[in-house]
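Enquirer: Produce the entire structure from the sequences given, and follow the hints as far as they go.
Keeping their order, the protein sequence lines are chains W and R.
Numbering-wise (numbering that gives the first Met the number 0), the first sequence opens with residue 0 and increments by one.
Numbering-wise (numbering that gives the first Met the number 0), the second sequence opens with residue 0 and increments by one.
Just so you know, these hints were derived from the structure itself, not from any lab.
All values derive from a computational prediction rather than experimental measurement.
Among the clues, some could well be false.
Claimed, not checked - With a Cα cut of at most 25 Å, we get these calculated DSS-like pairs of lysine-lysine:
1) K433/R <-> K39/W
2) K433/R <-> K366/R
3) K366/R <-> K39/W
4) K366/R <-> K321/R
5) K433/R <-> K83/W
Claimed, not checked - Derived coverage of chain R by chain W (criterion: at least 3 residues anywhere in the stretch with Cβ under 8 Å from a Cβ of chain W; other residues may be distant):
6) 93-105
7) 296-302
Stated by the list, open to error - Residues from chain W that face chain R, not an exhaustive set, calculated with beta carbons under 7 Å:
8) N41
9) E75
10) T79
11) E99
12) G100
Where a beta carbon is used, it is the ideal one built from N, C-alpha and C, also for glycine.
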Amino acid sequence: MLGFASLFCFTMAASTWGEAPAGSGADAKKIPFPMPNSHKGNWLQYHGASADLTMNEADSKGKACYVCHERNECMECHNTTMPKDHTNTWRTLSHGFQAEGNRDRCQNCHRQDYCVRCHNETAPRTHTANWRSRHCTWCHYGSSLAPDDNCVVCHKQALHTSAPLGHTISPTVTCIQVGCHQ
Amino acid sequence: MLKNLSAIPLLLTIALCPPAVLHAASAALDSAPVTTELPFFRSAGGAAIVKGSFATQYAIRVAGVSGNRDTDNDLHERLRLDVYSPQRDTGYELHFFAAASQDLDGDRNRTGFFPLEDINDARDSWFSGYVYEAHYDLNRPAPYVTQLRIGRQAGTRDEPVFFDGIAADLALGSLMNMTAYGGASVHFYEIDQDWGSDLLGGAGIDLHPFRSTMLSLDYLHAEDERNLVGTSDQADELLSLRLRQRLGLFTRTMVAYRSLNGEPRDVKARLLQSFPSADLELSFTWFRQFREQNELSNELSPYFDILGSSFPYQTYDAKIRKAFGSHVAVDLGYYKRELLKERVENAFNREYERAFAVLQFSDIVKKGLSFSLTGDWWETLDREFTSAGFDAEYRFGKDRKKTRLNAGTYYSLYKFDYYILLGEREKVRTYYVKGGTPLTTSISLDISYEYEDSIENYSVARMGMRYDF
Chain W
0 MLGFASLFCF
10 TMAASTWGEA
20 PAGSGADAKK
30 IPFPMPNSHK
40 GNWLQYHGAS
50 ADLTMNEADS
60 KGKACYVCHE
70 RNECMECHNT
80 TMPKDHTNTW
90 RTLSHGFQAE
100 GNRDRCQNCH
110 RQDYCVRCHN
120 ETAPRTHTAN
130 WRSRHCTWCH
140 YGSSLAPDDN
150 CVVCHKQALH
160 TSAPLGHTIS
170 PTVTCIQVGC
180 HQ
Chain R
0 MLKNLSAIPL
10 LLTIALCPPA
20 VLHAASAALD
30 SAPVTTELPF
40 FRSAGGAAIV
50 KGSFATQYAI
60 RVAGVSGNRD
70 TDNDLHERLR
80 LDVYSPQRDT
90 GYELHFFAAA
100 SQDLDGDRNR
110 TGFFPLEDIN
120 DARDSWFSGY
130 VYEAHYDLNR
140 PAPYVTQLRI
150 GRQAGTRDEP
160 VFFDGIAADL
170 ALGSLMNMTA
180 YGGASVHFYE
190 IDQDWGSDLL
200 GGAGIDLHPF
210 RSTMLSLDYL
220 HAEDERNLVG
230 TSDQADELLS
240 LRLRQRLGLF
250 TRTMVAYRSL
260 NGEPRDVKAR
270 LLQSFPSADL
280 ELSFTWFRQF
290 REQNELSNEL
300 SPYFDILGSS
310 FPYQTYDAKI
320 RKAFGSHVAV
330 DLGYYKRELL
340 KERVENAFNR
350 EYERAFAVLQ
360 FSDIVKKGLS
370 FSLTGDWWET
380 LDREFTSAGF
390 DAEYRFGKDR
400 KKTRLNAGTY
410 YSLYKFDYYI
420 LLGEREKVRT
430 YYVKGGTPLT
440 TSISLDISYE
450 YEDSIENYSV
460 ARMGMRYDF
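Expert: Put into structure tokens, the structure is as follows:
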């Protein structure tokens, strides 16, 4: 019977630091199964806190998580296995919402270069064929000359070198007031 | 270029054959593949122990956007190899892990929007590959040195770093261990990466003054040469102090403090408490970032390039797990992020709350059959998200080699205001089925299909094989 009996007493036992449990150690074979009861159910949500309280020892071979796991298993999963909510809608729309409020979560797996690579090398959904001609009021929504937050994610500087002459307008004058863009 | 789907059988063959071929070769060589004698790894003490896996996966994605239908075909591979000498305590180890992807549709014009574009398409080539680990280790090569690692490796201390270099674990007496490491930083996705221009080095000491106490002190120096417009070269020094304390058999605590470039950066405290007699576990984490974080090296940046400055904030994270008998368990969680200065909330520095609940039923009706219900909610100033999901799983078979079938659905609702309180709502319904089964003792098959229905429709089918040796 699998079940949840004694679900949590193993959380502590499986994360013991100090001396390795009997029968483990560097020469012992890894324990293939059964996994601790703590690992059942929603363990993925919890393993980080448990590891944080246990790992990082310079001489941790055969101890704590390493009784059963290899060091590179953490690295393998955090670099190649996506969480369940990383769907296509996540990719195209909602990951930004999460990053706005909870950028800490992203740091579990991603470094900054990941974001920069994608945002600089791929185009968002707004950038369709006629984007060039209609991007002005999207970027400068309302009366603001400051670019919208969405734009500065990718465009740190917008020199407008190909814009028509006369676009050196005063910061107090909007594109609409100039009379070009309604 | 793939112009139609007639090539799918061929692609499936590509995806599925390599593990099968490897398996056949392995079976021919050795009926017990756990220990494989390879000439290259032979040592005086006998054959090396070779473990690992090779997996391939073919994925086809179809998007329906604004009446258009787009298709993308990708192939993914992963290879993991762990080699140990027979005298593992004093011998050598070799670890390798790499992943690769191929966009079978060829190179794309990236100047326009393509609904199926992802990180693997953000390069000039249809091929992308990442070597995460390729290091050779020597165990106990000298007195006080427990392990020496040479090559590409991931850091083993606090910060998640990758580098090409050398690391050494030292045992400085029975109560003190130390790791020292350094080399050329590896930034897998950096646009202006120039190997050798970015460097990192550090050291960490673990001290066990008492049996239930561990004190860790870490230092990391990271240099990041940055050539993108608007960026400047970075050199950062991080110092961290961490105390782990066990209070009784079922209570663990931890406090960690970090300073960056001579200024306090953040502090984190954790508590993990179990009540085995009640099948109850509590976890609580508090984190506080003291100062505004601006441009930093890639290893330490909270995404300044994309999200701008990270303002001071603190978070509370509480989780509860409770089992009711052998078949029912509940998980509850609450997370709150609050800014430390009033009226500084902006697009990428927000106050944020999240709560989730998971109700799980295990081995009910039939052994191996389990169900879970999940609910998730989060909110910021002008964003709100709600989701509910259901998953059914059935595992059957003997021992560790079980066939697994999953089916489920979840519904997500996003509410957001791009402009002035227009109140946009985005509903996403997702349905999925997936399964995995062992074909032999060392080869397994995984298949999945997912359908996503929102303002756009997405279908994703994946089929892959994995060979464990």
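Enquirer: For every hint, state whether the structure bears it out.
Expert: Hints and how they fare:
| no. | hint | result |
| --- | --- | --- |
| 1 | K433/R <-> K39/W | holds, 19 Å |
| 2 | K433/R <-> K366/R | holds, 19 Å |
| 3 | K366/R <-> K39/W | holds, 15 Å |
| 4 | K366/R <-> K321/R | holds, 21 Å |
| 5 | K433/R <-> K83/W | holds, 13 Å |
| 6 | 93-105 | holds (count 3) |
| 7 | 296-302 | holds (count 5) |
| 8 | N41 | holds, 5 Å |
| 9 | E75 | holds, 6 Å |
| 10 | T79 | holds, 6 Å |
| 11 | E99 | holds, 5 Å |
| 12 | G100 | holds, 3 Å |
Every hint from the earlier list agrees with this structure, and none is contradicted.
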